[in-house]
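**Q** Spelled out, the chains give:
There are 2 protein chains.
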Amino acid sequence: MTKPCIICVAITGSVPTKANNPAVPITVPEQIESTHEAFEAGASIAHCHVRDDEGKPTSDPERFARLKEGIEAHCPGMIVQLSTGGRSGAGAERGGMLPLRPEMASLSVGSNNFPTRVYENPPDLVDWLAAEMTKYDVTPEVEAFDLSHIHQAVARHKAGQLPGKLYVQFVMGVKNAMPVDRDVFDYYVRTMERLAPEAEWCAAGVGPGQIVVNEWAIAAGGHTRT
Amino acid sequence: MTKPCIICVAITGSVPTKANNPAVPITVPEQIESTHEAFEAGASIAHCHVRDDEGKPTSDPERFARLKEGIEAHCPGMIVQLSTGGRSGAGAERGGMLPLRPEMASLSVGSNNFPTRVYENPPDLVDWLAAEMTKYDVTPEVEAFDLSHIHQAVARHKAGQLPGKLYVQFVMGVKNAMPVDRDVFDYYVRTMERLAPEAEWCAAGVGPGQIVVNEWAIAAGGHTRT
Ligand SMILES: [Zn+2]
Ligand SMILES: [Zn+2]
Ligand SMILES: [Zn+2]
Ligand SMILES: [Zn+2]
Numbered sequence: 016m017t018k019p020c021i022i023c024v025a026i027t028g029s030v031p032t033k034a035n036n037p038a039v040p041i042t043v044p045e046q047i048e049s050t051h052e053a054f055e056a057g058a059s060i061a062h063c064h065v066r067d068d069e070g071k072p073t074s075d076p077e078r079f080a081r082l083k084e085g086i087e088a089h090c091p092g093m094i095v096q097l098s099t100g101g102r103s104g105a106g107a108e109r110g111g112m113l114p115l116r117p118e119m120a121s122l123s124v125g126s127n128n129f130p131t132r133v134y135e136n137p138p139d140l141v142d143w144l145a146a147e148m149t150k151y152d153v154t155p156e157v158e159a160f161d162l163s164h165i166h167q168a169v170a171r172h173k174a175g176q177l178p179g180k181l182y183v184q185f186v187m188g189v190k191n192a193m194p195v196d197r198d199v200f201d202y203y204v205r206t207m208e209r210l211a212p213e214a215e216w217c218a219a220g221v222g223p224g225q226i227v228v229n230e231w232a233i234a235a236g237g238h239t240r241t
Numbered sequence: 016m017t018k019p020c021i022i023c024v025a026i027t028g029s030v031p032t033k034a035n036n037p038a039v040p041i042t043v044p045e046q047i048e049s050t051h052e053a054f055e056a057g058a059s060i061a062h063c064h065v066r067d068d069e070g071k072p073t074s075d076p077e078r079f080a081r082l083k084e085g086i087e088a089h090c091p092g093m094i095v096q097l098s099t100g101g102r103s104g105a106g107a108e109r110g111g112m113l114p115l116r117p118e119m120a121s122l123s124v125g126s127n128n129f130p131t132r133v134y135e136n137p138p139d140l141v142d143w144l145a146a147e148m149t150k151y152d153v154t155p156e157v158e159a160f161d162l163s164h165i166h167q168a169v170a171r172h173k174a175g176q177l178p179g180k181l182y183v184q185f186v187m188g189v190k191n192a193m194p195v196d197r198d199v200f201d202y203y204v205r206t207m208e209r210l211a212p213e214a215e216w217c218a219a220g221v222g223p224g225q226i227v228v229n230e231w232a233i234a235a236g237g238h239t240r241t
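Protein chains in written order, with this note's numbering: chain A, 16 to 241; chain B, 16 to 241.
So here's chain A without its partners, still in its complex pose (with noise of 0.2 Å):
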């Protein structure tokens, strides 16, 4: 038997609108919905950030319960992954859902460039996220957009900070960060495999160094992300 492929799906991201895009699922119901349809067609967790009613990004826990729940009736067994990520808010804010202990939760350990601002992780906020990870026994997806943080996220691992297998995301494509490179992808898995052999990793490339990642991916014996 060959290893199964997870497909991680992301319904709404922190960027797109309806305007972009009339698709893209902005309130709870429509998130839930759209899930829903994904997991029938195969996807096996769900990477999740919630809108405001004005549809910005938000960090707001009371949303994540509605949605963590939802997606939990609707689609039995599916992971739900909640997002800790920078656009939705600031400093403690942006672990403020860990409470409700989904089975995952995205994590950054280091900090980047992004198209027009610094993406910001300071080493002790990524503390404080990784001991309420721990503290509500919740896995995280760690987010890799550059080497250094595959190098952060297994030493955090090995010393015991993250709870769970350890599980990485590679992130290619996003302006001022890694770009979409064969050559790099190639690097960060056998990084992967040599440092931490017992891992999964998983690989999303942004806007259309989509498909591109995924096929890269499940190619190399990967996981893959929308």
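The set of hints was computed from the structure by calculation and includes no laboratory data.
What you were told as hints is all true, and nothing was included just to trick you.
Because identical chains cannot be distinguished in the list, a pair is counted as satisfied if it fits within a single copy or across any two copies.
Here are the computed lysine to any residue pairs in the SDA-like style, where the Cα-Cα straight-line distance is at most 25 Å:
no. : residue 1 : residue 2
1   : K71       : P137
2   : K190      : S121
3   : K180      : G57
4   : K173      : K190
5   : K180      : L115
6   : K190      : L140
7   : K173      : V195
8   : K190      : R205
9   : K190      : A146
10  : K150      : A80
11  : K33       : Q225
12  : K190      : A105
13  : K190      : F129
14  : K190      : E135
15  : K190      : R132
16  : K173      : G188
17  : K180      : A214
18  : K173      : Y202
19  : K173      : R132
20  : K150      : G104
21  : K190      : W143
Following the hints, put chain B with the ligands in place on chain A, whose structure we already have.
**A** Chain B with the ligands in isolation, oriented as in the chain A frame:
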């Protein structure tokens, strides 16, 4: 004939104090004499930071001017490289010495974590520093604290945003950024060969990693930084 190795001496960083090591040159006259000794021992680039009267890092252009003048007088032919690093100032302050037209200046092109905080180099600040370097004909030494910084350096150089020959420094061993890792070092070298075969590169290790990384760099045909 084999290729010469450039030794760049960082006489005074922005962190150590006389309390840590009484030999650290802090005043401008101490820095000039220390650089002179390194010059006579074979160093050909002086990477310069300056300190204020309390010994704290500063970006004060007047101090940089005195240091540059002194090095030029005592060390004929030595290349003066002034630091625009973020430990000595914030925002546009960091480039306040570029009108002095040093031959080189350090330039960070991405952000990353430092031991206790985020090293912030937002895209618009990088754009501005690069434009100032172009205006005053200053060749940047790009500080690569992570792999994507090499990609950003090459892309900016190809786009004509970085004057002079591309010169990249790999920095390893800063806590919470890239560790001292031989496999990564080799991949950095291959990445330079792949993306910018005409460029030059050097490498620096922090603290106990310094000698290790310098040896790797010399053996691999690169240049060194103390
Ligand atoms: Zn996300
Ligand atoms: Zn349904
Ligand atoms: Zn002298
Ligand atoms: Zn420096």
